[in-house]
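A.B. asks: Put together the whole structure using the sequences plus the hints.
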Amino acid sequence: MIRLSSMMPKAFLMGIVELVDMVGPEEADKWIMAIGKKLGEKEGPGVEGAREDNINYMPICPFANELIEFVEIEGERPSQFMDIIKHTNKKRDESDRGWEFPAISHIFCILHHSYRKHRAEMAGDTMLHLGCKSPLSATVAYNDKAIEKAGMSRDDVDKILEKSVCVFRIENPTTE
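Numbered according to the numbering used here, the sequence shown spans residues 15 to 190.
Calculated directly from the structure, the hints in this document are not laboratory data. Take the hints with a grain of salt, since some may be wrong.
[As the list claims (entries may be wrong)] Calculated cross-link-like contacts (lysine-lysine; reagent style DSSO-like; alpha-carbon spacing at most 30 angstroms):
1) K52 with K105
2) K100 with K24
3) K163 with K104
4) K44 with K100
5) K24 with K44
6) K44 with K105
7) K173 with K105
8) K104 with K52
9) K51 with K104
10) K44 with K104
11) K56 with K44
12) K173 with K104
13) K51 with K163
14) K173 with K163
15) K173 with K100
16) K177 with K163
17) K100 with K51
18) K100 with K159
19) K105 with K159
20) K24 with K56
21) K104 with K177
22) K100 with K163
23) K177 with K100
24) K173 with K159
25) K51 with K159
26) K159 with K52
27) K159 with K104
28) K24 with K163
29) K159 with K44
C.D. replies: Okay, structure coming up:
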């Protein structure tokens, strides 16, 4: 049962499903990223989460509860979510600037990356999304192009993921 107090996040997730069915994963991906950017503009410059030097990480997924509840209601992850994730991963893999894309373990990673990336840019930083793990499964996703640009390895990212769900490297072009 959907409680009215938690209806909006579920409506957003259902909206993603409907949007993919209407216009396809490419346009839905653009829509999700545009929302993340707008939310970042409203929040203003900055970086959320824990920080150790140039490494930034999220100890918990801010979307985990909503995502888990949605999947429990639906009975499974909608295939439309995977359609968008596959589309975004393909764009990343084919791009010369693949480090600018998110590591994606679930659909909210796209929104969160766009939000975080824009807030970091407003603060004068560059945010590389190195890896993350899903609250729904043992899935770990990496952005190997970002890991390489950061001069790190998957093992380095895995060590940070032991205490977190998302790992980023912050680069400040004015100080590095």
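A.B. asks: Holds or violated: K173 with K105, Cα cutoff 30 angstroms?
C.D. replies: holds (27 angstroms)
A.B. asks: Sort out whether K163 lies within 30 angstroms of K24, counting only the CA atoms.
C.D. replies: violated (36 angstroms)
A.B. asks: Hint check: K104 vs K177, CA-CA at most 30 angstroms. Holds or violated?
C.D. replies: With Cα atoms ~29 angstroms apart, K104 and K177 stay inside 30 angstroms; holds.
A.B. asks: Does the alpha-carbon distance linking K100 and K163 stay inside the 30 angstroms limit?
C.D. replies: holds (22 angstroms)
A.B. asks: Is the Cα-Cα distance between K100 and K159 30 angstroms or less?
C.D. replies: holds (16 angstroms)
A.B. asks: Does K44 sit within 30 angstroms of K56, going by the straight-line distance between their CA atoms?
C.D. replies: This hinted pair holds, its Cα atoms lying about 18 angstroms apart.
A.B. asks: Given the hint that K51 pairs with K163, does the C-alpha gap stay at or below 30 angstroms?
C.D. replies: holds (23 angstroms)
A.B. asks: When you check the alpha-carbon spacing of K44 and K104, does it fall within 30 angstroms?
C.D. replies: holds (14 angstroms)
A.B. asks: Is it true that the CA of K173 sits at most 30 angstroms from the CA of K104?
C.D. replies: holds (26 angstroms)
A.B. asks: K24 and K56 were given as a pair; does the straight-line alpha-carbon distance stay at or below 30 angstroms?
C.D. replies: The given pair, whose Cα atoms are some 22 angstroms apart, holds under the 30 angstroms limit.
A.B. asks: K159 and K44: Cα distance at most 30 angstroms?
C.D. replies: holds (21 angstroms)
A.B. asks: Is K173 within 30 angstroms of K163, Cα to Cα?
C.D. replies: holds (18 angstroms)
Hint violations for this structure: number 28 only, all remaining hints satisfied.
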